[in-house]
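Enquirer: Letter by letter, the chains look like this.
There are 2 protein chains.
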Amino acid sequence: MKIGIVGGTGDIGEGMALRLSHLHEVILGSRDESKACTTSDHTIETLKGRGVQSSCRGVSNQEAVNAGDVIILALPFAHVDSTLAGLNGFENKIVISPVNPIARSGHFYYDPPEEGSAAIYIKKRLPESARLVVAFNNIAAHKWKDLDVILDYSVAVCSDDFEAKKVIMDLIWDLPDLSPLDAGPLAVSPIVESITPLLLNIAVFNKMRDVGVYFR
Amino acid sequence: MKIGIVGGTGDIGEGMALRLSHLHEVILGSRDESKACTTSDHTIETLKGRGVQSSCRGVSNQEAVNAGDVIILALPFAHVDSTLAGLNGFENKIVISPVNPIARSGHFYYDPPEEGSAAIYIKKRLPESARLVVAFNNIAAHKWKDLDVILDYSVAVCSDDFEAKKVIMDLIWDLPDLSPLDAGPLAVSPIVESITPLLLNIAVFNKMRDVGVYFR
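Note that the protein sequences, when read in sequence, are chains X and P. In this text, residue positions in the first sequence follow the working numbering: the first is 83, and each later residue adds one. In this text, residue positions in the second sequence follow the working numbering: the first is 83, and each later residue adds one.
What you were told as hints is all true, and nothing was included just to trick you.
Same chains, same label: a pair holds when it works inside one copy or across any pair of copies.
List of simulated lysine-lysine pairs, DSBU-like, C-alpha gap at most 35 Å:
1) 117 with 206
2) 289 with 206
3) 289 with 175
4) 225 with 289
None of these hints come from the bench; they were simulated from the model.
Excised from the complex, chain X in its bound form (with noise of 0.2 Å):
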């Protein structure tokens, strides 16, 4: 599979070109093409460094979005907008958000737009024909990048498009121990985002670091 990350030269981006390029082809995007080129080359070090052959190559936003066949969209809320207003070519394409609103003050707090959550508002700015599905929300960026760490978590995965959904799930369990679980159509996404301040809340009040979900 074709692996497009948008904006993968943030944490969640690099962590995922990580994790994901050993058994798929990632085409890891920036909007600096040459930060793009410096991550993928990183990533593929890595990876031969434990004796692990990868593909990816860097490129632009857009060209991480022309090539994959899933498209991840690896960006801050705060970023969404503007990003996909330079971008098109999302028709027919699996685009996956793990995007959540968040805002802070002494607590993390659950901030979206008024569409409802961070998925909605997406939805509205891809078209009508972008398979949108929801997955990789609560998982802690620095978690993705340190190859020590073992991602065992529950990921909920939400979608109205059964069989995008169903993608991204199988795409999951190729992953060595992350756990996906149907949290159901892309209206349940405001309660999934929204576990990532309370994960963050618990770790800040518990002095916990990189706090994980998991449904069982």
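Using the hints provided, position chain P relative to the given structure of chain X.
Expert: Just chain P, lined up with the frame of chain X:
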């Protein structure tokens, strides 16, 4: 500690009596005092059958409030307003809300009142000096009642009253397997409550039963 349960004959109230009454004095309230006595007798007998001595008595909801140091509102959200309107004496008491406002149309969704959460709604209906703590929201009623089930979930606890929160976290630590986690102030309650419809969706869409949550 004296624990008064308002709505003690419902599934969660009964389950909590079964899990708490060997450690604490449980005063199990109901609109119908005779039902409270039946549930209370059943609790004592069930635990006796397991060789465990317990302290539980059935009373009216008002007597449960009067007698408890800590009051658990084991009520469906739809019954909260009418029940609280008929009770008094919450001044200076620690009040636990495990209440989740949930609705369903195909999938389950979080359906909070305009106040923002069941807990904030409850806070407005209690006297200023009542010390509200949100806890036990995400544990399936069925699992409370089945004493063969090990309840080893995480319990997110939030409150604006730091001391009351600590009392309830200590209460939870005293239970054999549950792990309390400080989730911050009462403003976090919408997230904690909304996890319950997510768990219900995950159960339905993945053919699981009584799904719980762990934060690690």
